[in-house]
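Listed below are the residues making up each chain.
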Amino acid sequence: MQQLLLELAPPPPPTLDNFSPGKNGAALKALREALADGERFVFLWGPGGSGKTHLLRAFSEAAAAAKLEAAAVDDVARLGEAEQVALFDLCNRLRASKGALAASGEAPPARLGLRADLRSRLASGIVLQLRPLDDAEKAAALNAHAAARGIALDAELIRYLLTHFDRDMGTQIAALDALDRYSLQRKRAITLPLLREALGLLDAAKR
Amino acid sequence: MQGFWASCLTRFEKELPAQQFNTWIRPLKLDASAAPSGELRLLAPNRFVLQWVKERFVPRIEAMGAEFFSSPIRVSLNLETAAAPEPVKPSAPAIRAARPLALRSPHAERSSLIPEFSFEGFVAGKANQLARAAALQVAEHPGTSYNPLFIYGGVGLGKTHLIHAVGNLVLAQHPSARVRYLHAAQYISDVIRAYQQKSFDEFKRYYHSLDLLLIDDIQFFTGKDRTQEEFFYAFNALIEAHKQLIITCDTYPKDLAGIDERLKSRFSWGLTVAIEPPEQEMRVAIILKKAEAVSLKLSEEVAFFIAKHIRSNVRELEGALKSVIAYSRFNGRDITLDTVKEALKDLLTAQNRQITVDNIQKTVAEYYKIKVSDMHSKKRSRNVARPRQLAMALAKDLTQMSLPDIGDAFGNRDHTTVLHACRTIATLREKNHDINRDYHVLEQVLKG
Numbered sequence: 001m002q003q004l005l006l007e008l009a010p011p012p013p014p015t016l017d018n019f020s021p022g023k024n025g026a027a028l029k030a031l032r033e034a035l036a037d038g039e040r041f042v043f044l045w046g047p048g049g050s051g052k053t054h055l056l057r058a059f060s061e062a063a064a065a066a067k068l069e070a071a072a073v074d075d076v077a078r079l080g081e082a083e084q085v086a087l088f089d090l091c092n093r094l095r096a097s098k099g100a101l102a103a104s105g106e107a108p109p110a111r112l113g114l115r116a117d118l119r120s121r122l123a124s125g126i127v128l129q130l131r132p133l134d135d136a137e138k139a140a141a142l143n144a145h146a147a148a149r150g151i152a153l154d155a156e157l158i159r160y161l162l163t164h165f166d167r168d169m170g171t172q173i174a175a176l177d178a179l180d181r182y183s184l185q186r187k188r189a190i191t192l193p194l195l196r197e198a199l200g201l202l203d204a205a206k207r
Numbered sequence: 001m002q003g004f005w006a007s008c009l010t011r012f013e014k015e016l017p018a019q020q021f022n023t024w025i026r027p028l029k030l031d032a033s034a035a036p037s038g039e040l041r042l043l044a045p046n047r048f049v050l051q052w053v054k055e056r057f058v059p060r061i062e063a064m065g066a067e068f069f070s071s072p073i074r075v076s077l078n079l080e081t082a083a084a085p086e087p088v089k090p091s092a093p094a095i096r097a098a099r100p101l102a103l104r105s106p107h108a109e110r111s112s113l114i115p116e117f118s119f120e121g122f123v124a125g126k127a128n129q130l131a132r133a134a135a136l137q138v139a140e141h142p143g144t145s146y147n148p149l150f151i152y153g154g155v156g157l158g159k160t161h162l163i164h165a166v167g168n169l170v171l172a173q174h175p176s177a178r179v180r181y182l183h184a185a186q187y188i189s190d191v192i193r194a195y196q197q198k199s200f201d202e203f204k205r206y207y208h209s210l211d212l213l214l215i216d217d218i219q220f221f222t223g224k225d226r227t228q229e230e231f232f233y234a235f236n237a238l239i240e241a242h243k244q245l246i247i248t249c250d251t252y253p254k255d256l257a258g259i260d261e262r263l264k265s266r267f268s269w270g271l272t273v274a275i276e277p278p279e280q281e282m283r284v285a286i287i288l289k290k291a292e293a294v295s296l297k298l299s300e301e302v303a304f305f306i307a308k309h310i311r312s313n314v315r316e317l318e319g320a321l322k323s324v325i326a327y328s329r330f331n332g333r334d335i336t337l338d339t340v341k342e343a344l345k346d347l348l349t350a351q352n353r354q355i356t357v358d359n360i361q362k363t364v365a366e367y368y369k370i371k372v373s374d375m376h377s378k379k380r381s382r383n384v385a386r387p388r389q390l391a392m393a394l395a396k397d398l399t400q401m402s403l404p405d406i407g408d409a410f411g412n413r414d415h416t417t418v419l420h421a422c423r424t425i426a427t428l429r430e431k432n433h434d435i436n437r438d439y440h441v442l443e444q445v446l447k448g
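Order-wise, the sequence lines are chains G and W. Quick note on this note's numbering: the first sequence kicks off at 1 and runs consecutively. Quick note on this note's numbering: the second sequence kicks off at 1 and runs consecutively.
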């Protein structure tokens, strides 16, 4: 029972509001404006863990909620030839109907080895780089996430999370949420000893 | 003069590429009416050719004349009246003036035209002026000047913009005209649909009834036999009925692979014009104009910097400007040269590789001329331990791996060892110039 609670649940559904921007505020703003009345095409690029999938899923949800004609295409470099033609066609249709497009990749469109006609369409709007959060920004993001749930975290605990788990924000948030559920169940405050105890249980369960 | 003009024709035919000769020189006629001696009177079939010959070829003709007669001659150009197409007056101008906003042709809906793509918004320069002039000529005299107009050029140079501009202008002057823009891929889908629904009669009726058909990216027809066949019929029907056809393509028609020969030869029945990539000066002009369109005052220095670094095409140039604007506005900064450099820095030096811990170990080992196995070994001598610590620090900074995972990758070391290595390197980089330089060099190599 306790072990089940400790399993890392999937991170909360991504929204534009629960994205911790760090140095990526311009990207977040560009997506919001694409849904409002700004430039409709946004391409975001950066390494894994920099927030591409979070932002694109959030964008897609927000566009659907606003009943806006929009598409989000993550990691475009993985598209095959026929899929690239389909995306090319989609770009043309969205441009003609003033619909919005958010797309992403690990490099700017020009360096993804795509068809030239697709590449230039992806680069026709705002192209911005996403940077992974640094440790201080991750700590701030964890604090903000915790504060939203009425929890105060001490610095020691955050350091522990950042040194013992994968450091992408999805995992970090999921770990914090799991710990939150565990603390509710044990009716104990979230502290480092509680986290160690929880991890100990998890290890024991794995063995 | 007749003898002189014949000699001009012979020389031009030798000097010019066949396409240019056939487009500009061959259609010229010698004016038979009496002319004062020392004057060559030529007639051009339309204003477009007239303008072009006047700008490009008259000086050459004058030079030939001076040589031929051993004295200077005058060259005059006029429109061949019979062949000059009558410009069609826009119908019902009173309504247009009274209710300009309400005027929307019943066919505008189906035309798929984007109203924003106008001639006014099209930045002209050396690279596209011929195509622009030809498009304007065709828009003013659809069906009677060049048919088809075939515009070719690379990606993102404004082909689509230009043919929409023709459609919009024609529709503005003839609100009842049946105008249709479509991408070649859509035409292919239409053929497939007609095939599946056995509705070819309807398909034919629709396409053959258009007054102006604008078809984009014809190279998509490559290898699509059924589509090519249908298009062949549509082509013939439209041209015969003097209905205008405009085609765009990414290559010169003769170079198209997988397209039926009889279609290819028909593509060059009218006028074939190229759009070239914009040269630097034109790129600067484009940036300044696009900035102006969003009420942004941009210094020439800034426009010059963007134009210098984004050379590929107009579409990406516009994208770069939008990105710079988004970046500076968000950061609350004016668009200065420094801001632009900062905004475009990553785009211009972007990394293309996924950085892995293996990659880091290999690169660092090569750099310090040690073995990759030393990254995992227990050896603690300084010449091995320091590079290993540097590699761990790079792994922490450049990947999202957990510290325990990084420790594992370095010979099953504890995460505290990784943490210690990162702190050591951070301290050393502040104190030791060489270590700091090594770190930056390696970071750069890894980012590609």
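Possibly wrong hints are sitting among the right ones.
[Unchecked claim] Here are some, though not all, of the chain G residues that point toward chain W, as calculated from beta-carbon distances under 8 Å:
no.: 1; residue: Lys29
no.: 2; residue: Ala36
no.: 3; residue: Asp37
no.: 4; residue: Glu69
no.: 5; residue: Ala71
no.: 6; residue: Asp75
no.: 7; residue: Asn92
no.: 8; residue: Ala116
no.: 9; residue: Ala123
no.: 10; residue: Gly125
no.: 11; residue: Phe165
no.: 12; residue: Asp166
no.: 13; residue: Arg167
Just so you know, these hints were derived from the structure itself, not from any lab. No experiment lies behind these values; they were computed from the predicted model shown. Even for Gly, the Cβ is constructed at its ideal location relative to N, Cα and C.
To test your reading of the hints: which numbers does this structure violate? Numbers 2, 3, 4, 5, 6, in rising order.
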